[in-house]
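Participant: Chain by chain, the residues:
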Amino acid sequence: MNTSIDYLAVVPEVASQGPISAWGLLRLRQQLERGLPLTARPWQTLAEQTGLTEQEVMTAVDQWQAQGLIKRLGLVVKHRTLGYTANAMVVWNVPDRWVTSVGESVAGAPFVTLCYQRPRRLPDWPYNLFCMIHGVDRNRVLSQIDHLIADKHLQDFPHSVLFSTKAYRQRGGRYVSHD
Amino acid sequence: MRLDSTDKQLINLYQRDLPVCERPYLEMSRQLGISEGEVIDRLQALQSDQVVSRVGPVFEHRRAGASLLAAVAAPEEQMDLVAARINRAPGVNHNYAREHTYNLWFVMTAPDEDTLDERLDELEHQLRLPMLRLPMVEGYHIDLGFDIDWEALP
Numbered sequence: 001m002n003t004s005i006d007y008l009a010v011v012p013e014v015a016s017q018g019p020i021s022a023w024g025l026l027r028l029r030q031q032l033e034r035g036l037p038l039t040a041r042p043w044q045t046l047a048e049q050t051g052l053t054e055q056e057v058m059t060a061v062d063q064w065q066a067q068g069l070i071k072r073l074g075l076v077v078k079h080r081t082l083g084y085t086a087n088a089m090v091v092w093n094v095p096d097r098w099v100t101s102v103g104e105s106v107a108g109a110p111f112v113t114l115c116y117q118r119p120r121r122l123p124d125w126p127y128n129l130f131c132m133i134h135g136v137d138r139n140r141v142l143s144q145i146d147h148l149i150a151d152k153h154l155q156d157f158p159h160s161v162l163f164s165t166k167a168y169r170q171r172g173g174r175y176v177s178h179d
Numbered sequence: 001m002r003l004d005s006t007d008k009q010l011i012n013l014y015q016r017d018l019p020v021c022e023r024p025y026l027e028m029s030r031q032l033g034i035s036e037g038e039v040i041d042r043l044q045a046l047q048s049d050q051v052v053s054r055v056g057p058v059f060e061h062r063r064a065g066a067s068l069l070a071a072v073a074a075p076e077e078q079m080d081l082v083a084a085r086i087n088r089a090p091g092v093n094h095n096y097a098r099e100h101t102y103n104l105w106f107v108m109t110a111p112d113e114d115t116l117d118e119r120l121d122e123l124e125h126q127l128r129l130p131m132l133r134l135p136m137v138e139g140y141h142i143d144l145g146f147d148i149d150w151e152a153l154p
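Residue numbers (the UniProt record's numbering), protein chains in the order written: chain A, 1 to 179; chain B, 1 to 154.
You may find that some hints are simply not true.
[What the hints assert, rightly or not] Chain A side only, calculated, beta carbon under 7 Å to chain B, not exhaustive:
| id | residue |
| --- | --- |
| 1 | L114 |
| 2 | R118 |
| 3 | L122 |
| 4 | P123 |
[What the hints assert, rightly or not] Okay, derived cross-link-like pairs now, DMTMM-like style, lysine to aspartate or glutamate, Cα gap no bigger than 25 Å in a straight line:
| id | chain 1 | residue 1 | chain 2 | residue 2 |
| --- | --- | --- | --- | --- |
| 5 | A | K166 | B | D41 |
| 6 | A | K166 | B | E99 |
| 7 | A | K71 | B | E76 |
| 8 | A | K166 | A | D137 |
| 9 | B | K8 | B | D49 |
| 10 | A | K78 | B | D121 |
| 11 | B | K8 | B | D41 |
| 12 | A | K71 | A | D124 |
| 13 | A | K166 | B | E77 |
| 14 | A | K78 | B | E60 |
| 15 | B | K8 | B | D147 |
| 16 | A | K78 | B | D49 |
| 17 | B | K8 | B | E99 |
| 18 | A | K152 | B | E77 |
| 19 | B | K8 | B | D143 |
| 20 | A | K152 | B | D147 |
| 21 | A | K152 | B | D149 |
| 22 | A | K71 | B | E60 |
The hints are simulated quantities; they were obtained by calculation from the structure and are not laboratory data. Beta carbons: idealized from backbone N, C-alpha and C, even for Gly.
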């Protein structure tokens, strides 16, 4: 895991235009964490907010996408509002030597939206593999979990299902901007 | 809020790959067969009705800064109070009640690991509740831009 984080991050290089202001880029990231303006020329609006040019803003976003700092650009849906109210976090205790292969296998199930490994915190928390299922109906999600256990041969691993009952907050990460 | 077929198509087509050009909403409007102004109006309505939280980039959390999943076991009758305290801490972007002894699960973000640790120490001290700190070790699949199953929705 890469723990060294340069939070100005991956400054785009624009050979033809010369360097882009690092301060402007930081402001751009702060603005982007709140979403794209709903104006006819959103990149121009961001340019005015950050002191960059529209072209610099678009170049930075293109490069951040190419470099993987931005992994998706588009509508961020609030699934709960749409009716995805049966959202389960399923956790397993998988022996360390198998966790990667089991994780990759669980991640392949079409209804699994997130899947990752996290550390155990013994004795309070024995689970190291997490997956999320965003569903509409609780019973259907429970049967999907049963199928997952059967298909991926997870019967021997202790597990727990944590349905969410309330969202107190749900929004995009604010890494470089303030609340 | 009732979504019509155009709203659904807007969501189906643009959870990813939003065009990066001078007038992205104009380009989207051509795909959808409506005007640029209507795309903007619909996006505004979807945002104010909480169907869409924002139009925008989703940052790769490992490259964007530091983040961590944490959980506390709050006394049942104090759930709302503890959740509100968690939400007041800087950088909290997700916070859910879940059916477990550890009943409040939240994600905290920060510019770097040191700041994140300080924020968590401060919050743990305020709450007077032991906190599970569960950084990601390895991601196998992370995509909340999945296709919406409109037929299954109520």
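Participant: Now tell me, hint by hint, if it's right for this structure.
Facilitator: Hint-by-hint comparison with the structure:
1. The beta carbon of L114 (chain A) comes within 5 Å of a beta carbon in chain B, closer than 7 Å, and the hint placing it at the interface holds.
2. Contact between R118 (chain A) and chain B, as hinted, is supported at the beta carbon level, the nearest pair being about 4 Å apart and thus within 7 Å.
3. Restraint check, L122 (chain A) versus chain B: the minimum CB separation of about 11 Å is more than 7 Å; hint violated.
4. Annotation: interface hint on P123 (chain A) violated; nearest CB of chain B at approximately 12 Å, more than 7 Å.
5. Between K166 (chain A) and D41 (chain B) the alpha-carbon distance is near 29 Å, which puts this suggested pair outside the 25 Å criterion.
6. Of the supplied pair hints, the one linking K166 (chain A) and E99 (chain B) holds, its CA atoms being roughly 10 Å apart against a limit of 25 Å.
7. Restraint check: the Cα-Cα separation between K71 (chain A) and E76 (chain B) comes to about 37 Å, which exceeds 25 Å; the hinted pair is violated.
8. For the given pair, K166 (chain A) sits about 15 Å from D137 (chain A) by alpha-carbon distance, which is consistent with the 25 Å threshold.
9. For the hint linking K8 (chain B) to D49 (chain B), the alpha-carbon distance of about 14 Å falls within 25 Å, and the restraint holds.
10. With a C-alpha separation of about 30 Å, the suggested pair K78 (chain A) and D121 (chain B) falls outside the 25 Å cut-off, and the hint is violated.
11. Restraint check for K8 (chain B) and D41 (chain B): satisfied, since their Cα atoms lie roughly 14 Å apart, inside the 25 Å limit.
12. Between K71 (chain A) and D124 (chain A) the alpha-carbon distance is near 34 Å, which puts this suggested pair outside the 25 Å criterion.
13. Simply put, K166 (chain A) and E77 (chain B) have alpha-carbon atoms about 14 Å apart, close enough for the 25 Å limit, and the pair holds.
14. Proximity of K78 (chain A) to E60 (chain B) is assessed by CA-CA distance (about 18 Å); at most 25 Å being required, the pair is judged to hold.
15. Pair hint K8 (chain B) plus D147 (chain B) holds up; C-alpha atoms about 11 Å apart against a cutoff of 25 Å.
16. Taking the CA atoms of K78 (chain A) and D49 (chain B), the gap is about 10 Å. The hint holds against a cut of 25 Å.
17. At roughly 32 Å between alpha-carbon atoms, K8 (chain B) and E99 (chain B) are farther apart than 25 Å, so this suggested pair is violated.
18. For the given pair, K152 (chain A) sits about 38 Å from E77 (chain B) by alpha-carbon distance, which is inconsistent with the 25 Å threshold.
19. Only pairs whose Cα atoms come within 25 Å are accepted, and K8 (chain B) paired with D143 (chain B) is accepted, the gap being roughly 19 Å.
20. Proximity of K152 (chain A) to D147 (chain B) is assessed by CA-CA distance (about 23 Å); at most 25 Å being required, the pair is judged to hold.
21. Restraint check: the Cα-Cα separation between K152 (chain A) and D149 (chain B) comes to about 24 Å, which is no more than 25 Å; the hinted pair holds.
22. Between the alpha carbons of K71 (chain A) and E60 (chain B) the distance comes to roughly 6 Å, so the proposed pair stays at or under 25 Å and holds.
In the structure shown, a violation is registered for the earlier hints numbered 3, 4, 5, 7, 10, 12, 17 and 18, in ascending order.
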